[in-house]
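> Below are the chains, spelled out letter by letter.
There are 2 protein chains.
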Amino acid sequence: MGQPVKYLLPESDIPTHWVNLLPDLPGTPSPPLHPGTKEPLGPEDLAPIFPMGLIQQEVSTEPEIEIPEEVREAYKLWRPTPLYRALRLERVLDTPAHVYYKYEGVSPAGSHKPNTAVAQAYYNKEEGVRKLSTETGAGQWGSALALACRLFDLECEVFMVGISYDQKPYRRAMIETWGATVHRSPSDLTDAGRAQAEHETGSLGIAISEAVETAAKAEDTNYSLGSVLNHVLLHQTVIGQEAIEQMGMAGESPDVIIGCTGGGSNFAGLTFPFMRGTLRGENQIRYVAAEPAACPTLTRGTYAYDFGDTAGLTPLMPMYTLGHDFVPPPVHAGGLRYHGDAPMLCGLVKAGRIEARAYKQNETFDAAVKFARAEGIIPAPEPAHAIRAVIDEVERGDAKVILFGLCGHGNFDLAAYDAYLSGTLEDPEFSEADMDAALARLPEAPAIA
Amino acid sequence: MGQPVKYLLPESDIPTHWVNLLPDLPGTPSPPLHPGTKEPLGPEDLAPIFPMGLIQQEVSTEPEIEIPEEVREAYKLWRPTPLYRALRLERVLDTPAHVYYKYEGVSPAGSHKPNTAVAQAYYNKEEGVRKLSTETGAGQWGSALALACRLFDLECEVFMVGISYDQKPYRRAMIETWGATVHRSPSDLTDAGRAQAEHETGSLGIAISEAVETAAKAEDTNYSLGSVLNHVLLHQTVIGQEAIEQMGMAGESPDVIIGCTGGGSNFAGLTFPFMRGTLRGENQIRYVAAEPAACPTLTRGTYAYDFGDTAGLTPLMPMYTLGHDFVPPPVHAGGLRYHGDAPMLCGLVKAGRIEARAYKQNETFDAAVKFARAEGIIPAPEPAHAIRAVIDEVERGDAKVILFGLCGHGNFDLAAYDAYLSGTLEDPEFSEADMDAALARLPEAPAIA
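Protein chains in written order, with our numbering: chain F, 23 to 471; chain U, 23 to 471.
For reference, chain F alone in the conformation it holds in the complex:
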């Protein structure tokens, strides 16, 4: 019955280890710095808000880290995820290239985020933590952590950016359905929230501050972050490991792998298991990171130490940055609206191992609609950037086999599709003035080694 469309793995093929790219990275990675002393950060600095199991993973140089059986059991609710051959898209694009996509939208939360959420919930539970606090913007991370906490019987408290809380009641209802508590941020529950009460619409920066403060003040509560950090990227490598198996089932090897980048966890999760082979000289795969022209961290940012949050409370991290208090225009790809990017990913961009491209909002939705009409699945606005880059690759004609990450579905983003189809979707771009301001905002810190 024709060529296969889906490549499925049995549950027994859920990876047994996470891939840690740290020991294979070119050069010696620069350490994060303490925001006060600007000295390299030690594990003890992180202990008030993270469990030791995750702190160890953050700095581990072991090439592989075993996945606890309880986490693999939780993964079984949706993993292994399918790899698709986009036969119908290939026909629409009239290309001889073979296009594959790894689809993470089959998780209950609809994205790749639960891959790390369940791991983080597990390690916290193991160390006797009773509750996790976190922030969420559009709600993808908050819903993933709410699900994970429910699976590991932890309480969960989510600070949701005020304007999203008002405008996106469905993601909030999802978080509450899984039993977590949602606070509109800024709230009056924290000093940080009370201090910012006049910023009624809130921001991710304020929400982070509220969640961190909640964790730091309570003995039995920890904080949880959904991207950027090494251990988060580590947990996502189940994606790429499965994709390697599935490309093997298809009897093909990708020439180029494409993903969207916000904090970098989806991109790293898909590419790092392949990248290890590339760094070791075992393959010649190219990597393309697709980001919004409205928040072009990798294509136009400065490679420097900067804070992870707006308020400057987090450690300084070595990364491409647009400045920690840059507020990106409200493009619908909320998961890509981050001023920085994962340090591990940024190092690989700096080393020329990853090519970055920026796309404007309307051209990504144009690609997403093309994809939806060919393949059925309606993509989230974030992976729509990857699809745009795939179409670019097809048009360039260099790659015979293209693999990309479809990290989530767009069921909660149909208002954006509505705007696109009715011609009212905006097309914001990062400006020269934004750039000047970004450079001026960089904190004083050592140069990256």
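Be a bit skeptical, because a hint or two may be false.
Said to hold, decoys possible - With a straight-line Cα cutoff of 30 Å, these simulated DSBU-like cross-link-like pairs (lysine-lysine) come out:
hint : chain 1 : residue 1 : chain 2 : residue 2
1    : U       : LYS28     : F       : LYS28
2    : F       : LYS28     : U       : LYS98
3    : U       : LYS98     : F       : LYS392
4    : U       : LYS153    : F       : LYS392
5    : F       : LYS28     : F       : LYS60
Hints listed in this document are in silico derivations from the structure and should not be mistaken for laboratory results.
Assemble the complex: chain F is given as a structure, and chain U must be docked to it using the hints.
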């Protein structure tokens, strides 16, 4: 790594035939009657709005009908769907019973509806039809047909009930993303719409009339229905056939199979392949149909000839009915708000082969939240009725192995969850007065043989 959670089949195990239960039904099925003459309906009466391929299936007495290769190719976009063992739900319910569910929410439209939509689009395309018209309430059927038309390169025109069009813009955007045209019904495009212009909020009955009129008036346009008819139930039997394979993989056989019923296509799709064995004396499975107490067709309806639509334009069908102009209260399980039920299903209820139970809205959401917190997946309000019945079965303690149909996810129903969690969800029930009115509204027609 523990017991399996998911039972997956390869694409090569997508069924090659649909199961037609008609030749195995007890007694001789009563024919539908012409709405004017009240004589048995002939194929020629259906020809203006349906293709001959589907009309033949509507009356076929062949026990199996081959699935065209093109339809199986389209099924590959999401089929075979997974069968899950609800291990975590069993633990929460503290039961020794084994609970399995067949999950149809993995289709791009998020429900079982595309199983028949792609088949209907195929047969229409084969016979040179250029466009399909249909109605949709909450939008599940409209989105499924929009997807199917796109896959088979047909135009698609959807008349969407006015109040849903206004209140559910996301399903509308989904339909438009797949390239179909959506009209708010009543529209000024049809006589039926113009005649009902004063009913601003619209109704499914008016929308059906508009879609049928559109198909009847245009040479190159046919009409498409998402449930009730024999050929629709037939197409859905891919669900149950896969489930038989998957229960075999699990090494178990269900004692009871449970599904929700609105028009009956989801229930029939899951149960008919098993039911054939039951009717032939090969197994002793029990069947439970779960419906809303607000629209209790099978539990409180009258078994009589009635119209399929509000306006009385369709053939008279032999079924349990609450009266064709009964407007059910606006419960969130929009797919179950139908005054009648599929004649094949009703015959099996009448023959004592299917037990029907009715549930109130809040108890179904209570079950759905329990399920979501155990299994991750947030169910649509329709299969929440089946989950409520599963919990009932578990509490009765008779069944060792329970299988139920999880026919769709609840990503578009989170406003309803929000209402439930905040305690504002209503609990309407069908009243004695409703019942008296229903009996008075039955059309004059022969008794069912």
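> The structure should be examined with respect to each hint, and the outcome stated for every one.
Hints, one by one, checked against the model:
1. U:LYS28 / F:LYS28: Given that 30 Å is the threshold and the Cα spacing comes to 16 Å, the pair holds.
2. F:LYS28 / U:LYS98: OK: LYS28 of chain F and LYS98 of chain U at ~7 Å, within 30 Å.
3. U:LYS98 / F:LYS392: holds, 19 Å
4. U:LYS153 / F:LYS392: holds, 20 Å
5. F:LYS28 / F:LYS60: With a Cα-Cα distance of about 49 Å, the restraint between LYS28 of chain F and LYS60 of chain F is violated, given a limit of 30 Å.
This entry does not satisfy hint 5, going by the numbered hints stated previously; all others are met.
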